[in-house]
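Protein chains in written order, with my numbering: chain H, 28 to 512; chain S, 27 to 154; chain Z, 334 to 788.
Hints listed in this document are in silico derivations from the structure and should not be mistaken for laboratory results. One should not assume that every hint holds.
[To be verified] One side of the interface only, derived from the structure: several residues of chain H facing chain S at Cβ under 7 Å: (1) GLU497; (2) THR498; (3) ALA501; (4) ARG502.
[Claimed, not checked] Under the rule of at most 27 Å between Cα atoms (straight-line distance), these lysine-lysine pairs were calculated in the DSS-like manner: (5) H/LYS330 with Z/LYS380; (6) Z/LYS490 with H/LYS394; (7) S/LYS147 with H/LYS413; (8) Z/LYS636 with H/LYS481; (9) H/LYS335 with Z/LYS740; (10) H/LYS335 with Z/LYS622; (11) Z/LYS365 with H/LYS335; (12) Z/LYS622 with Z/LYS490; (13) H/LYS512 with Z/LYS620.
No residue lacks a Cβ here, since even glycine has one placed at the ideal position from N, Cα and C.
Listed here are the chains, written in short residue letters.
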Amino acid sequence: MKQTTKLIFELSHKGRVGIEAPHHDIPKAVPDKKINSAFLRNDIEGFPEVSEGEVLRHYTRLSDANFGVDNGFYPLGSCTMKYNPRVNEVTARLEGFAGLHPYQDTTLTQGALELISELEDDLLEITGMDAVTLQPAAGAQGELCGMLMVAKYFKDKGKPRRKVIIPDTAHGTNPASCNLAGFDVVRVASGKDGYLTAESIKKIMDRDTAALMLTNPNTLGLFEEDIEEIARIVHAKGGFVYCDGANLNALMGIARLGEMGVDLIQLNLHKTFSTPHGGGGPGSGPLAVKKKLAPYLPIPRVKRRGRKFTLDHTKGKSIGRLKAFYGNFSIMVRAYTYIKRMGVEGLTAVSKMAILNANYIKEALKKDYHLPFDTTCMHEAVFTDKLQNVDNVTTLDVAKRLIDYGYHPPTIYFPLVVDGAIMIEPTETESVETIDAFIATMKVIAEEARTTPKLLKDAPTTTGTFRVDETGAARTPILRWLPEK
Amino acid sequence: MEFPEDLKYTKEHEWVREDGDTVTIGITDYAQDSLGDVVYVELPEADSTITSGDTFGVVESVKAVSDLYAPVSGTVTEVNDAVVDSPESINDEPYGDAWLLKIELSDAGELDGLMTAEDYKAYTEEEK
Amino acid sequence: MKSALPYIPHTEDDIKKMCEAIGIASVEELLKPIPASLRVDGALDIKAGLSEQETLARLKELSEKNTTTKASFLGGGSYNHYSPSVVDHLLLRSEFFTSYTPYQPELSQGTLQAIFEYQTLICQLTGMEISNSSLYDGASATAEAVLMARRLTRRGKVVVSSALHPEYRDTIETYLLGFNEEPTELAYCTEAGSTIAKSIDSVVDEETACLVVQHPNFFGSIEDIKTLAEKVHAKGALLIVVTTEALSLALLKPPGELGADIAVGEAQSFGNPVSFGGPYIGYMATKQKHIRQLPGRIIGETKDTKGKRSFCLTFATREQHIRREKATSNICTNQGLSALASAIYLNSLGKAGLMDLARLNLSKAEYLKNELSEIAGITATFTAPTFNEFTITIDGDTEKFLKQLSKKKIIGGLGLKRFYPSLNHQILIAVTEMNSKAELDTFIETASEIMGNLK
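Extracted from the complex, chain H is given alone in its bound form (with noise of 0.2 Å):
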């Protein structure tokens, strides 16, 4: 990996054009004729003047500098960095769908409507729910749409709720979203063993709570055993069980969570369904629900009559929409691909491998790393640094190390109630070599946490930026390119 490189800014040289704009082939207006010229800029200060050569060379040399998941293994828990396959984006790039208006007219996209509503049965088939939208641009949206849901559910029958139960192991944006939709959240801790215990819930559940938010697996990669259990408390008085679905790479085609008495659910095609990630995005987040909250699902919803498929735009108890039109398009062309190219038995193998995966990376670290929960994981193990800190060695330190010898780290220091977590996901799509050659850098780095820990703290040297100082970035904020004064 090669070091980083000049600004875009600082290879500007004034009057150097890049790619012009096409040929005036009508009359040219004179912009100044036909609006007012106080309301007209001259110039766009600092913008770049570069040649289309150097572009190119520019974002070249950025890509190398630059980490994915076809660079090397990618374990970071939480986010499923599976496989990207190539053909999604052969699909996602076909004229008939990249170069479709969102305005056409529904009889000019009866292809995008058919591929939206075969997705929503495959989605719906998967997790075992009643009706689904793909209209969330990402799992968070997701989240705020269903808890919306959740709030005016209750806000028609007049009885609005204030409170939502959240796990003290829940993702960040659970809370978050929560509090968008003008819920107060009431902490649970998990046992000692790592599970949500029906016990707990029972002591906090009441009429004011509106909804349990749960993950399953749970952060810590655990199957939530007394799921069922759990639901019937919640259910009893009268709330609904979210869960969220970063997880759901650990259960297709082994069990589905509508039966285990969720009611919401919201999905990140950009885990699950192979679609890139994208460097932070853009994701989908579709979320599924029970029939009991089907009619407050997103506006418009793709509806089929016959062999035509149409857009129903009726407002009715609908929380109205989250963005404008109809989601992220083009990941649900990748997400469909990939079902299509993976099929039942293969969407039910990729559960089963990346849980044989998870286990065992498990099995084989647990001498080397302190495994806080010894038990079986679905599709990922979290490990902490309390054996390496006997040597001032923290997971930072692993992670950093871990760079050096090629690989991308885990996710760190998530889940909260974990110190010094080190969650490792390894996903299906890596080989037995792969991981292999993992469990083995992994030892060997908890062998240099033992006898020579300066190599992990100068971590890494090997990527051409060494660690970076974010209290600087922090103090002094510098947030985009001035022009030299």
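Fit chains S and Z to the known structure of chain H by using the hints.
Below, chains S and Z alone, put in the same frame as chain H:
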């Protein structure tokens, strides 16, 4: 880790120094150490009132954020603007230049409810 | 397990070896934590997998059920622009698109620097001091801006111009559900087609957090931002300026210079295909002093331990993974790859290319607007100046008009009746560099014929 004898402490890791009618408050050495490099402090304005147990501001490091809880009730007579400008001083001198507010007490009795240095030290050891 | 399943490398031997290492007889044992009663009985009702070739054929079949071969004059928040070849070539660098959020700065300098540059480009275009790393789309970014204004002013009331994109208004309404607040509308002038500044005093008061106005607005009209800003600021409220056609920023004075407090909008026009409505990219820029209430990821410049310039995520304490329910927003990712596409697009065109392109869009739209207005029975609906989108009034049935155009392979614009029941004779028309003069002339001739027959 320092626990000056002449101060009183809270479970939320604030300290209180009595100066006649007013008190000075800040965050403890233990608090700054667990936060790490402090990058931002938000404090109320002078003349505002604070109530014991309520939040009155925020202190942030790069990866953690902590609400500030009022150890006592009263009126803010002085705000330490220097600490807002250089939050890093909290890491260097939590009991000195990096004090946060001076408060005119509305109920001097509240001071009796605070911890001594010895109690607080024992408390932080339990927290670990 | 069958040997050939896509993307899964495990052979029978691998599985056997791994099970032995774990000390189990089969993978089935690992599923024991899931109660038997919850296990899927049999197989899911999902079709068998297809080969890559078959998959592609199925997707092609679906894509061909869509029509993208007509000359389109649709806009309304989604614009068909030419994307230079370099954009997609670079987006397919898999170091970019197969990576995650740049949590590990040493492995993500490429993404980090690219987004830092994106933030700068957005600041330059909007005339603002700071920008976040992007949000989901223009509509949700507008809703986030409204929430931000409420936090900044500690006021509740929200006023939106009725000339703001209807789907953006709906999105704001949904985002406000949790706060038990409903936006109030500020009427547009039916003659000019722009927001009525004079009416501000009657709806914006001391409890108002912000006024949201689109510029150019949904009808294509250019708003008088400066006057609106003065009036809104007089009440201590903030002005949020929304732009759905970001290319207009290369022609019009930037919102930051005209007094906007938050500039948000949709940057899809920059290098992202229309793609049936998404993924797009919401930009958001504001003033430095508002940084702590700005939602979304922010990239900052710093140094590594050897003193080399480098970049990292910063101001993370605003975000959900640290502040949880007290975060400025629940947003977790940005639209990383879409933002990258925008940045590559903007850098490839550069200052001259982009400004010239904006002028070309203006010229084409003016040409079509003038020529259509010459036709008996068609008038430009509003008097306010426009950029590349404008509204016309048809003396006749708009649906019939559009249908007849469609027969000549022209999608003649967006009938406004669905969004504004009173505008049942109005059509919103967008013109970009993608519409050749020949297309424009066919549109004009056909419209003339249709109007002749409608008479």
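Against the structure, the hints come out as follows:
Given the 7 Å rule on beta carbons, the hint for H/GLU497 holds: about 5 Å separates it from the nearest Cβ of chain S. About 4 Å separates the beta-carbon of H/THR498 from the nearest beta-carbon of chain S, less than 7 Å, and the hint is met. Given hint, H/ALA501 at the interface with chain S, holds; its Cβ is 4 Å from that chain's nearest Cβ, closer than 7 Å. Interface hint at H/ARG502: satisfied, since its Cβ lies 5 Å from the closest Cβ of chain S, which is below the 7 Å cut-off.
Taking the CA atoms of H/LYS330 and Z/LYS380, the gap is near 21 Å; set against the 27 Å cutoff, the hint holds. A threshold of 27 Å between alpha carbons decides the hint, and for Z/LYS490 with H/LYS394 the separation of about 59 Å lies outside it, so the pair is violated. Note on S/LYS147 and H/LYS413: the hinted pairing holds, with a Cα-Cα distance of about 24 Å set against a maximum of 27 Å. Between the alpha carbons of Z/LYS636 and H/LYS481 the distance comes to roughly 21 Å, so the proposed pair stays at or under 27 Å and holds.
Taking the CA atoms of H/LYS335 and Z/LYS740, the gap is about 21 Å. The hint holds against a cut of 27 Å. With a CA separation close to 53 Å, the supplied pair H/LYS335 and Z/LYS622 exceeds the 27 Å bound. Straight-line distance between C-alpha atoms of Z/LYS365 and H/LYS335 comes to about 44 Å, which puts the hinted pair past the 27 Å bound. Restraint check for Z/LYS622 and Z/LYS490: the C-alpha separation of about 22 Å stays at or below 27 Å, so the hint holds.
Restraint check: the Cα-Cα separation between H/LYS512 and Z/LYS620 comes to about 20 Å, which is no more than 27 Å; the hinted pair holds.
Checked against the numbered hints above, the structure breaks hints 6, 10 and 11 and satisfies the rest.
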